Amino acid sequence: MKKGFLVTLLISAGIIACQPASQAAKEESQKTVAKATAQNKAKKSSKEEKFRRALGAQDKWQQACSNPVQLAPEGIDVAQFIKEMKATIKYPADGKLVGDWKKGESLALLPKEYKALYGKKGGSKKGNCYACHCGDPRIIACGNIGPSLRGYGNKGIDPKLTYDRIYNSWSQVPCSTMFRFGYHGLLSPEEIADIVAYLHDPESPINK
Amino acid sequence: MKKSILASLLGGALFFANAEAPTPEQLKILKEMGVSPADVIVEEGRDYYHNLKGSTGKTCASCHGQDGANLVGAYAKMPRYYTDIGKVADVDLRIKACLEKYVGVSAKGKKGRKYIVPLAGYVATLSNEMPINIELEHPEEKRLYEYGKELWYKRVGARDFSCAICHDVLAGKRIRLQKLGAPVRDKLYAHWPAYRISKDKLWTMEDRIRGCYKSFFLFDPKKGKFDFKKNWVKKPPFYMEEIIALELYMKKAANGAKIEVPGLLR
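In order, the protein sequences belong to chains A and B. Residues in the first sequence are numbered consecutively from 1, following the numbering used here. Residues in the second sequence are numbered consecutively from 1001, following the numbering used here.
Treat the hints as calculated values from the structure; they're not laboratory data. In this text the structure is predicted, and so the values were computed from the model without any measurement. For glycine and all other residues, C-beta sits at the position ideal for the given N, C-alpha and C. Be a bit skeptical, because a hint or two may be false.
Here chain B is said to cover these stretches of chain A; the calculated rule only asks that three of the stretch's residues, wherever they fall, bring their Cβ under 8 Å from a Cβ of chain B [what the hints assert, rightly or not]:
| hint | region |
| --- | --- |
| 1 | 111-122 |
| 2 | 129-141 |
| 3 | 190-204 |
Among chain A residues calculated to face chain B with C-beta under 10 Å, some are [as the list claims (entries may be wrong)]:
| hint | residue |
| --- | --- |
| 4 | 47 |
| 5 | 48 |
| 6 | 50 |
| 7 | 51 |
| 8 | 58 |
| 9 | 82 |
| 10 | 144 |
| 11 | 183 |
| 12 | 185 |
In isolation and in its complexed conformation, chain A is listed as follows (with noise of 0.2 Å):
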């Protein structure tokens, strides 16, 4: 009886001992999975974050032609738009404002477009003119949101004005849907020069 007694006792004992060291792991692993949780929340939120911030960098006139006619809303200062929208033009360090236009072809057209024409490496994403313009005859996949660039060198339209309408368009027409590919960075000003010559050269197929 009192052996079975100090055994129980033992026992109880032990159990009494271990509970804090089990207790201790399973706040342990409690912990771990609290962790792992709060990384991969960490990890999510920030890709969400990321876009949330995209969306968030708005710049004031973007802000004005956020608008349900998507225009220069009423009552805003188109002038002084204008003004602020051609302050951001920047030109080629050289002062050239039509480069080569063989170079500007490639930027115009895409991969696929330039090797079906010429059967070679060239063309970009960068310029993607022809998602919203016709030009070059030969490229028939052409989109109609621009007017068609057919023969534009043969208008007598100064240069500089096709500079600033590439490098940024809503110096002209605010909130136009074309993009302002120099305000943005999507082409250098050496490469609008390049475009400009594309348009503008009496040997590009632009105006053959």
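The hints should help you fit chain B onto chain A, whose structure is shown.
Leaving out everything else, chain B in the frame of chain A:
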């Protein structure tokens, strides 16, 4: 394989018939022929609905009934607020939550889309012929609707895009040869989810919106101006509130339009 051959054949035929509009006529022609590549995917969804089991041992049918008995008409009212998950969910997020919460199947990320997309297609077909009916009863639904409207018009990113500039203002014009649809004006939501012949895939509206945002050239302003490699933020993550807000805006605009899914697109 067979499916993709069929798809390209159909794609060719449709290209000459009418390359652009996701019209019910096209669906009608195909239905008369007794084929639609999308049906295969919807069937897959039906199979998951009845047979996909996870850790709980339940299937979708355990709660929603044989052949989706209790889900008839459900899609016409989605996205809407769900008390069990405490937020507004579209069909994608609703299915994801069900899979994870009640079926016990992990439906995370791209792997989860394997189940979610066919299931969404199947669940949507259960509301065929019914009018879209978004009611905006819950305050959260109203809030998201307003947010969706704001996003619809929001010019942003390195291309100064908004949804509206292409799909309201320029609707009917072409990007290259692809005609721009007007989901709000023409109630196009009635044809979504849609099978995209060019991708050989069923797309839910989540897929569509994410694809659209890719063309915005959104960028993380923390790393300066837009750069293809450095800071291009291509797509919002799946099930993000912004996506559901836009869905709510577009689907509300389509109220009254008869659901005819899966739609069929280029």
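Hint validation: residue 183 of chain A versus chain B, beta carbon distance must be below 10 Å. Holds or violated?
9 Å, holds
Confirm or reject the coverage of the region 129-141 of chain A by chain B under the rule of 3 or more residues with a beta carbon closer than 8 Å to the chain's beta carbons.
holds (count 4)
Against chain B, with CB atoms and a cut of 10 Å, does the hint on residue 50 of chain A hold up?
Check passed: Cβ of residue 50 of chain A comes within 6 Å of chain B, closer than 10 Å.
Cut-off 10 Å, beta-carbon criterion: hint that residue 48 of chain A touches chain B:
6 Å, holds
Restraint check, 10 Å cut-off on beta carbons, for residue 47 of chain A near chain B:
5 Å, holds
Restraint outcome when residue 185 of chain A is required to lie within 10 Å of chain B by C-beta distance:
4 Å, holds
Measuring from the C-beta of residue 144 of chain A to each C-beta in chain B, is the shortest one below 10 Å?
5 Å, holds
Is the hint on residue 58 of chain A kept, meaning its closest Cβ partner in chain B is under 10 Å away?
5 Å, holds
With a cut-off of 8 Å between beta carbons, are at least three residues of the region 111-122 of chain A near chain B?
With 0 residues in contact (Cβ-Cβ under 8 Å with chain B), the coverage given for the region 111-122 of chain A is violated.
Classify the hint on residue 51 of chain A as holds or violated, based on whether any CB of chain B lies nearer than 10 Å to its CB.
For residue 51 of chain A, the interface hint holds, since the closest Cβ of chain B sits about 5 Å away, which is under 10 Å.
Given hint residue 82 of chain A near chain B, where the shortest CB pair must fall under 10 Å
15 Å, violated
State whether the coverage of the region 190-204 of chain A by chain B holds or is violated, taking the criterion as 3 or more residues with Cβ-Cβ distances under 8 Å.
Violated - the region 190-204 of chain A has 0 residues with a Cβ nearer than 8 Å to chain B, which falls short of three.
In this structure, the earlier hints numbered 1, 3, 9 are contradicted, and the remaining ones agree with it.
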